[in-house]
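Colleague: If you want the building blocks of each chain, they are given just below.
Protein chains: 2
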Amino acid sequence: MTITITAFERSPDRGRGLARDMRVRWALEEVGQPYDVRLLSFKAMKEPAHLALQPFGQIPTYEEGDLAIFESGAIVLHIAQHHAGLLPENPNARARAITWVFAALTTMEQPMIDREIAKFMEGDQPWYEQRRSMIEERIRQRLKELAVRLGDADWLDGEFSVGDLEMVSVLLRVKGSGMLDDYPNLSAYVARGEARPAYKRAFAAQLAVFTAASSG
Amino acid sequence: MTITITAFERSPDRGRGLARDMRVRWALEEVGQPYDVRLLSFKAMKEPAHLALQPFGQIPTYEEGDLAIFESGAIVLHIAQHHAGLLPENPNARARAITWVFAALTTMEQPMIDREIAKFMEGDQPWYEQRRSMIEERIRQRLKELAVRLGDADWLDGEFSVGDLEMVSVLLRVKGSGMLDDYPNLSAYVARGEARPAYKRAFAAQLAVFTAASSG
Numbered sequence: 001m002t003i004t005i006t007a008f009e010r011s012p013d014r015g016r017g018l019a020r021d022m023r024v025r026w027a028l029e030e031v032g033q034p035y036d037v038r039l040l041s042f043k044a045m046k047e048p049a050h051l052a053l054q055p056f057g058q059i060p061t062y063e064e065g066d067l068a069i070f071e072s073g074a075i076v077l078h079i080a081q082h083h084a085g086l087l088p089e090n091p092n093a094r095a096r097a098i099t100w101v102f103a104a105l106t107t108m109e110q111p112m113i114d115r116e117i118a119k120f121m122e123g124d125q126p127w128y129e130q131r132r133s134m135i136e137e138r139i140r141q142r143l144k145e146l147a148v149r150l151g152d153a154d155w156l157d158g159e160f161s162v163g164d165l166e167m168v169s170v171l172l173r174v175k176g177s178g179m180l181d182d183y184p185n186l187s188a189y190v191a192r193g194e195a196r197p198a199y200k201r202a203f204a205a206q207l208a209v210f211t212a213a214s215s216g
Numbered sequence: 217m218t219i220t221i222t223a224f225e226r227s228p229d230r231g232r233g234l235a236r237d238m239r240v241r242w243a244l245e246e247v248g249q250p251y252d253v254r255l256l257s258f259k260a261m262k263e264p265a266h267l268a269l270q271p272f273g274q275i276p277t278y279e280e281g282d283l284a285i286f287e288s289g290a291i292v293l294h295i296a297q298h299h300a301g302l303l304p305e306n307p308n309a310r311a312r313a314i315t316w317v318f319a320a321l322t323t324m325e326q327p328m329i330d331r332e333i334a335k336f337m338e339g340d341q342p343w344y345e346q347r348r349s350m351i352e353e354r355i356r357q358r359l360k361e362l363a364v365r366l367g368d369a370d371w372l373d374g375e376f377s378v379g380d381l382e383m384v385s386v387l388l389r390v391k392g393s394g395m396l397d398d399y400p401n402l403s404a405y406v407a408r409g410e411a412r413p414a415y416k417r418a419f420a421a422q423l424a425v426f427t428a429a430s431s432g
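Chains as they are written, first to last, in this note's numbering: chain U, 1 to 216; chain H, 217 to 432.
There could be a bad hint or two in this list.
What the hints assert, rightly or not - One-sided excerpt, in silico: chain H residues whose CB lies under 8 Å from chain U:
| no. | residue |
| --- | --- |
| 1 | Met217 |
| 2 | Glu279 |
| 3 | Leu283 |
| 4 | Ala311 |
| 5 | Arg312 |
| 6 | Thr322 |
| 7 | Thr323 |
| 8 | Gln326 |
| 9 | Ile329 |
| 10 | Phe336 |
| 11 | Met350 |
| 12 | Arg365 |
| 13 | Asp368 |
Said to hold, decoys possible - In the BS3-like style, the derived pairs of lysine-lysine whose C-alpha atoms are separated by at most 27 Å in a straight line are:
| no. | chain 1 | residue 1 | chain 2 | residue 2 |
| --- | --- | --- | --- | --- |
| 14 | U | Lys144 | H | Lys360 |
| 15 | U | Lys144 | H | Lys262 |
| 16 | H | Lys360 | U | Lys119 |
Just so you know, the hints here were simulated from the structure itself, not pulled from any lab data.
Just so you know, even glycine gets a beta-carbon here, dropped at the ideal spot from N, CA and C.
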């Protein structure tokens, strides 16, 4: 059955791979599943046809035959559970890999989203610099704890898994800030993720959408 | 095999059921699994023995035989996947229930955590009221979208599932703020969750820990 995902017609990140469809594309590339993409304007995302699929008016969604789901975390986990390549065989190792999915999307990503919202909504307020510094302190605390746990391992728990896919994706949100520079093992970890052929194919695919929209 | 979870020796929420062990207790009660609880002081949570189990120094953790995992979302999903009662049999319905787990813990909960952190860290700042109002606007937007999706259904997708367990748990974070009052169907949804015998048993168990610690 054909897999169809949704993505921004013109991504606000200008094709830097930070929109949530990137994580789904990466997962599909890792497991070798082809997919179609339906592009949505900001207007279309808030219209009834899309809200029926995604009640919060966001991307991505995932459709395959009778199945329709949303939330990139749920989609990526669904892909990992239905195709070989993103979860270990051993049941305990599987559970640990899924633990890292949640650690990435809640514990690690929460303050990073806060940082981006603050910049967008409070960037011109007199308190912004103080706020930014408070948020970045929270992010650094998490980065420090993660760096200690990763140590000199290549991936968080044995072989590359869906947990690493999500964690690298989350860390990429702060790569441009320089905050990762204080944690060389995390920088190297992110670079290992970006070097994977599946990551590169997914990145190129989402960039091509932005490039086409910009020249169109 | 015995299941052992960790929880606060003295919960900062004073036994109101908002600490993350509550969600795990509720899940275990729904599926009828007994469990032991190891209580931790704030000091013990940051010591090497606990950090080996939970690299961010948080509760809860979950141990069962050789398996050790953390992140309440991962633990609750693990329980749901290994015991009957929290996930439907139909594969598509299972995937949709898991979608709601992620929607609860990321899309819905992110601004709620932000609200609590702002109160704690910025409550005495001159900008706090303005900040609070901005965050609550973000929360209200999500509540509105969720209320539209839920409509007059009892649960988010058919029978009660792990997705409802997480969503009700997340909505309880703002119950005390009065923000739910504008969405009677969400208030009724939360009340249905709280009325479940498994919820009540879990709530009583976590409250007993706080009561014992306070009188000790």
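Colleague: Need the list of violated hint numbers for this structure, in ascending order.
Modeller: The structure breaks hints 1, 2, 10, 13 and 14; every other hint is satisfied.
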